[in-house]
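**Q** With chain A fixed as given, assemble chain B onto it according to the hints.
Line order of the protein sequences matches chains A and B.
Quick note, the first sequence lines up with residues 1 to 253 if you use the numbering used here.
Quick note, the second sequence lines up with residues 1 to 73 if you use the numbering used here.
Cut-off 20 Å, straight-line C-alpha distance, at most; resulting in silico cross-link-like pairs (EDC-like, lysine to aspartate or glutamate):
no.	chain 1	residue 1	chain 2	residue 2
1	A	Lys16	B	Asp10
2	A	Lys198	A	Asp252
3	B	Lys72	B	Glu49
4	A	Lys195	A	Glu238
5	A	Lys227	A	Glu239
6	A	Lys95	A	Glu46
7	A	Lys8	B	Asp10
8	A	Lys211	A	Asp94
9	B	Lys72	A	Asp2
10	B	Lys72	A	Glu5
11	A	Lys198	A	Glu46
12	A	Lys12	A	Asp2
13	B	Lys72	A	Glu10
14	A	Lys16	B	Glu12
15	A	Lys8	B	Glu49
16	A	Lys251	A	Glu177
17	A	Lys21	B	Glu12
18	A	Lys95	A	Asp51
19	A	Lys12	B	Glu49
20	A	Lys21	A	Asp72
21	A	Lys227	A	Glu238
22	A	Lys195	A	Asp45
23	A	Lys21	B	Asp10
24	A	Lys195	A	Asp252
25	B	Lys50	A	Asp2
26	B	Lys11	A	Asp22
27	A	Lys21	A	Glu46
28	A	Lys202	A	Asp94
29	A	Lys12	B	Asp10
30	B	Lys50	A	Glu5
31	A	Lys21	A	Asp70
The hints are simulated quantities; they were obtained by calculation from the structure and are not laboratory data.
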Amino acid sequence: MDINEIIKPENKVYGKSPILKDNILHYCPGCSHGVVHKVIAEVIDEMGIQDKTIGISPVGCSVFAYNYLDIDWQQAAHGRAPALATATKRLMPDKYVFTYQGDGDLASIGTAEVMHACNRGENIVIIFINNAIYGMTGGQMAPTTLLGQVTATTPYGRKAELNGYPLKITELIAQLEGTCYVTRQSVQNPAAVRKTKKAIRKAFENSMMHKGTSFVEVVSTCNSGWKIPPVQANKWMEENMFPFYPLGDMKDR
Amino acid sequence: MATQGAIVVDKERCKGCGVCVANCPTGAIALSHEVNGRGYNFLSLVNPEKCIGCANCATVCPDSVITVYRVKI
Numbered sequence: 001m002d003i004n005e006i007i008k009p010e011n012k013v014y015g016k017s018p019i020l021k022d023n024i025l026h027y028c029p030g031c032s033h034g035v036v037h038k039v040i041a042e043v044i045d046e047m048g049i050q051d052k053t054i055g056i057s058p059v060g061c062s063v064f065a066y067n068y069l070d071i072d073w074q075q076a077a078h079g080r081a082p083a084l085a086t087a088t089k090r091l092m093p094d095k096y097v098f099t100y101q102g103d104g105d106l107a108s109i110g111t112a113e114v115m116h117a118c119n120r121g122e123n124i125v126i127i128f129i130n131n132a133i134y135g136m137t138g139g140q141m142a143p144t145t146l147l148g149q150v151t152a153t154t155p156y157g158r159k160a161e162l163n164g165y166p167l168k169i170t171e172l173i174a175q176l177e178g179t180c181y182v183t184r185q186s187v188q189n190p191a192a193v194r195k196t197k198k199a200i201r202k203a204f205e206n207s208m209m210h211k212g213t214s215f216v217e218v219v220s221t222c223n224s225g226w227k228i229p230p231v232q233a234n235k236w237m238e239e240n241m242f243p244f245y246p247l248g249d250m251k252d253r
Numbered sequence: 001m002a003t004q005g006a007i008v009v010d011k012e013r014c015k016g017c018g019v020c021v022a023n024c025p026t027g028a029i030a031l032s033h034e035v036n037g038r039g040y041n042f043l044s045l046v047n048p049e050k051c052i053g054c055a056n057c058a059t060v061c062p063d064s065v066i067t068v069y070r071v072k073i
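Next up, chain A with everything else stripped away, as it sits in the complex:
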């Protein structure tokens, strides 16, 4: 069959979400941020909540998330997105409020904010992108960096006696009474993307049911920071990060 006969509007099965703006993403080629942005856009579109969603963008690569998703945004000080989300949700309880944070933002400078927001059981969604590195500033060691992982500040690999151990913040948050849904997902292949989408949709639905905080970690790649090409970075993530950060739901009630 001729290709021009297939390319017709009635045969379209998948395309760019209308929630995504036309701006070219500033992320590096193959960055997981783009996939997660797309998944959030699709969830918002399917739930029909474009005018009722408020995102809180962090400091880090994803600080520019407000350039790409056509919803209302606030930009928080470094690590303080859960505090801003708390205020936003309490003032406007009929809105869907979510934060979008990386591991440097959430697991390092913002540890106190995220712990207390989750412990209070704020009815917000926290989306946590864990790529085990500070991507924006050039690939320095983050709290989530694996033991032995080479970064700009650990050129011989992270050592436990010098740098401490990687922080499994999602496991810590799962123990808090205020959270209702804590899960860890990834976006390296189509099956994983669909699971992440399901998890984010569930988290958004939970935030309107007043059950507590929903926390979705997405194990991601930072191919520029890791100095690995995109496809190999996905393999490296499967081989090295998944054994330490196992995927799946930690809490669902």
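**A** Frame of chain A, contents of chain B only:
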């Protein structure tokens, strides 16, 4: 039931990361030898007859540059 698919790539937005190529089950797509305005080897449908319209490439695309069409044959 067999299906035939086709994709349209927004060449100027594509960054040539190749994640889509690695996730294509039939080998229908590859990165072009040409570059776009930003210097990236963009994605192209090199074997249109092999495309089944599964949308795997578009699902994993970080930049949402792929639109997928599918018909039953």
